[in-house]
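Student: Starting from the given sequences, assemble the full structure and let the hints guide the process.
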Amino acid sequence: MDKLEIDHQSALPLHAQVEDLLRRLIAKPEYQNGKLLPNEINMAKKLGVSRSTVRQATNKLVYERLLVRKKGVGTSVARNNISTKLDKWSSFTHEMDEKGMTFRNYSIKVSNVVPDKEIQQLFKLAPGATVLKMERVKGLDGEPIVHFISYFHPRTGLTTDDDFNKPLYEMLENDHHIVASVSKEGISAILADKRISKLLAVEPGAPILFRKRVVCDAGDRPIEYNLGHYRADRFTYTIDIERH
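If you read the sequence shown in this note's numbering, its first letter stands for residue 4, the second for the next number, and so on.
Among the hints, a few may not be true.
[As the list claims (entries may be wrong)] Taking CB as the label site, the calculated pair distances span:
1) LYS201 to LEU143: 16 to 26 angstroms
2) THR105 to HIS180: 24 to 34 angstroms
3) GLU67 to VAL185: 23 to 33 angstroms
4) ILE190 to ASN62: 23 to 33 angstroms
5) HIS180 to LYS73: 49 to 59 angstroms
6) PRO157 to PRO16: 41 to 51 angstroms
[To be verified] Only pairs whose alpha carbons sit at most 27 angstroms apart, straight line, appear in this in silico DSS-like list of lysine-lysine:
7) LYS187 to LYS169
8) LYS120 to LYS136
9) LYS48 to LYS31
Keep in mind that the hints were calculated from the coordinates and are not lab data. Glycine included, C-beta positions come from ideal geometry on N, C-alpha and C.
Tutor: As structure tokens, this is what we get:
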């Protein structure tokens, strides 16, 4: 079981521990690439829990469309669904690389623009001041999946000459000495308009996950305003919440 174990002395319920174990397991590249999970009987014996405990945890991930059961075959990662958790964050490229998924930039457009009033007020800019805008579409296996628009505070020092094929936050830290520390986010469900449907190759009116984030440095100063559109048929967001 890849040396993953259950702590039988923990106050955390066994099914919750198995669920966490499964989430870590299916994030490994070999499972993302199609390797079957250990069957429930063997997993239960290995972990020293009941089969119903394993089934309860597995059912949760099947319900979230992260796993697929095939009778007579076994359980595997849903190949058409990509999961990202909201208990931590990093650059999209880095997060997907950890899952063994190599996303490609299908298009990148970088320009200097005068932002709208919301961004102007967020960045505390003088009227007419310009910011760097970066828009890109990223995809997997020849299929566009996500669309991002980012506006960067002038203090980042980013210019149109920067290489935006690099992981964004690594570039900010290594090339511009700006450390992204906090992400303040909101997620909602919307319907794709004509432009988004064309960029993401979906029908107009198709469901889209819309994610708005403000990224701040260690001093809680905003450095990026980001809008993201994710194909709802390919992305699932999950979050673990502890009771206090």
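Student: Against the structure shown, which of the earlier numbered hints fail to hold, in ascending order?
Tutor: Every hint satisfied by this model.
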